[in-house]
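*Asks:* Build the full structure now, drawing on both the sequences and the hints.
Listed below are the residues making up each chain.
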Amino acid sequence: MTGRPAPSLPGGSSSSANLADILERVLDKGIVIAGDIRVDLLDIELLTIRLRLVVASVDKAREMGIDWWESDPSLSSGARRRALDAENARLRSRIAELEAHDGEARDGRARDGDTRDGLEELEGAERRGPGEP
Amino acid sequence: MNRDRTELLYAYAVLRDTGAAGDGPGTVTGATGVAGEPVRAVREGGLVVLVGSVPAAEFDEEGLRERLEDLAWLEHVARGHQRVVDAASAGAPCVLPLRLATVYRDEAGVRRMLTARHTAFGAALDRLEGRAEWGVKIHTVAEGAAEAPAATPPPPPPLPGPRSRARPRAPRAATSGRDYLRQRAAERQAREEEWRHVDEAARGIHAALATLAEETRLYPPQNPRFTGHPGRNVLNAAYLVPRERGPAFTAAVAGLAGRAPQDGLRVELTGPWAPYSFVAGEPSREPAHDTGTA
Chain Y
1 MTGRPAPSLP GGSSSSANLA DILERVLDKG IVIAGDIRVD LLDIELLTIR
51 LRLVVASVDK AREMGIDWWE SDPSLSSGAR RRALDAENAR LRSRIAELEA
101 HDGEARDGRA RDGDTRDGLE ELEGAERRGP GEP
Chain W
1 MNRDRTELLY AYAVLRDTGA AGDGPGTVTG ATGVAGEPVR AVREGGLVVL
51 VGSVPAAEFD EEGLRERLED LAWLEHVARG HQRVVDAASA GAPCVLPLRL
101 ATVYRDEAGV RRMLTARHTA FGAALDRLEG RAEWGVKIHT VAEGAAEAPA
151 ATPPPPPPLP GPRSRARPRA PRAATSGRDY LRQRAAERQA REEEWRHVDE
201 AARGIHAALA TLAEETRLYP PQNPRFTGHP GRNVLNAAYL VPRERGPAFT
251 AAVAGLAGRA PQDGLRVELT GPWAPYSFVA GEPSREPAHD TGTA
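Protein sequence lines, in the order shown, are assigned to chains Y and W.
Position 131, counted from 1, in the first sequence is what my numbering calls 131; the numbers after and before it change by one each time, with no gaps.
Position 204, counted from 1, in the second sequence is what my numbering calls 204; the numbers after and before it change by one each time, with no gaps.
Keep in mind the hints are simulated off the structure, nothing from the lab.
Among the hints, a few may not be true.
With the Cβ distance kept under 10 Å, some of the chain W side facing chain Y (calculated, not the full set) [to be verified]:
(1) V77
(2) E194
(3) F278
Built from N, CA and C at the ideal position, the CB exists for glycine as well.
*Replies:* Here it is in C-alpha cells:
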C-alpha cells in the first residue's frame, strides 16, 4: 500500500467502503470482456438490478432477517401482493376516516367554502406521498 | 465443457508491463485473490494481466451461475477482486480493473485476449494514467421526513423537519376535518421545501467537486434500508482525479462535509479506487472490441 495518497477523512479508504460501493464497481463497471468462461450476462444484469437494493453487509441482512429479494415488490410477486394488501387496508381506513370527516365538513360548508380546496390539496398530497421510495 | 480441468484462471486487471510486477510465477501484488490464491502476471506485448488459479468447480459456467446468486459468496469474491486491484494500484501508474468473474481456461486464452485488445487497452491506459477514482455519497441526516411513507392514517405525526426551517403551523391535534386537511397541506409543503433545499445543497456539493475532477459519473442512490444509514442517499457519485490533485480533492470534500450538517446532509468519501467507473470512457470503441474477440 505504498505511494497512495493518504485519505484525509476518517473512513476515506476503499477498504472501509461498504459492500454496495464495491459491488457497484466490480459488477457494474470495470472492463467487460467475455472470458473463456461465459456467464450469462443477463444473469449478472439481473443480479445487478437486485443489488440496487444492496446490503451494507451480509450479516446485517441476516440480522434483519431479510430475504431481501423476496421482500421487494419489484422482484417478487408475493411481496407485491403483500404491498397491495397493505395499501388496500390503508386506503380502507382512510376512506372511513374521510367519510367521518365529510359529515363534519358538510356541516361547515354553509359557513365557509374552504373545504373543497382542502380536499383537492389532500388528493395532491396523497398522490405524492406513499409512492415515494 | 472442461470438467476435466480442475483449475481456471481468474483475471483481475490489466496494466502496463514495467517489469516491476515480478517475473514468472509467484506472488505479484502481495494480496491474495478471490480463492485465497497467489496472484501472478501473464505478459504479452508490453501489457500484463494479473491472474490467479481458481477452482474450476466454483468458477466454470455452472459454478458461477449457482454462486453468483449467493450473496455471501459474492461478497467474498467481490472483496477479493477489489483487494487485488487495490494492491496493484498501489504500485502502478494505472490499473484497468476487469469486471468480476472474468475467467479463462489457460494462459493462452489470456494472451489471445491481450493481443486482440492491445490497442484499446493502450488507449485506456494512456487516458487514465496517474488518475484515481474517488467516491462521494451524500445522505440526508436521520430525521427522514423525506422518506416517511405516510403509512398509518390518522392523524399524521407532526413533521420533524429541519429546525431552522420550521414554520408556524396549526396545532398538531386536528380537531376538525378542515384542520386536518390544512395540517396535511402544510406538511406536504414543508416536505417539498425540505426536498428542494436538500437537492440544491447536494447539487452544490457535486458542482464544487466536479471542478476538481476530470470526469464524473453518477450512480443510482443506494437503498437506505440496507446501507445502515437512516437518511436518504441523495448523491452517489464518482470523480476521476489526477493523483497529484488527490489531497486537494479530499480536503475539499472534508470542507464540504464540515458544512453539510447545516443543510441536514452528511458527506461520505471512499477511495482512492482504481478508475472502475471511467474505464469505459469511450463506449463507442469498447463494445465493438468485445464482440470482435468473443
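*Asks:* Taking 10 Å as the limit, does the beta-carbon of E194 of chain W come near enough to a beta-carbon in chain Y?
*Replies:* This interface hint is violated because 13 Å lies over the 10 Å limit.
*Asks:* Against chain Y, is F278 of chain W within 10 Å by beta-carbon distance?
*Replies:* holds (8 Å)
*Asks:* Given a cut of 10 Å on the nearest C-beta pair, is the interface hint for V77 of chain W held or broken against chain Y?
*Replies:* Status holds, d = 8 Å.
Of the numbered hints listed earlier, the single one contradicted by the structure is hint 2.
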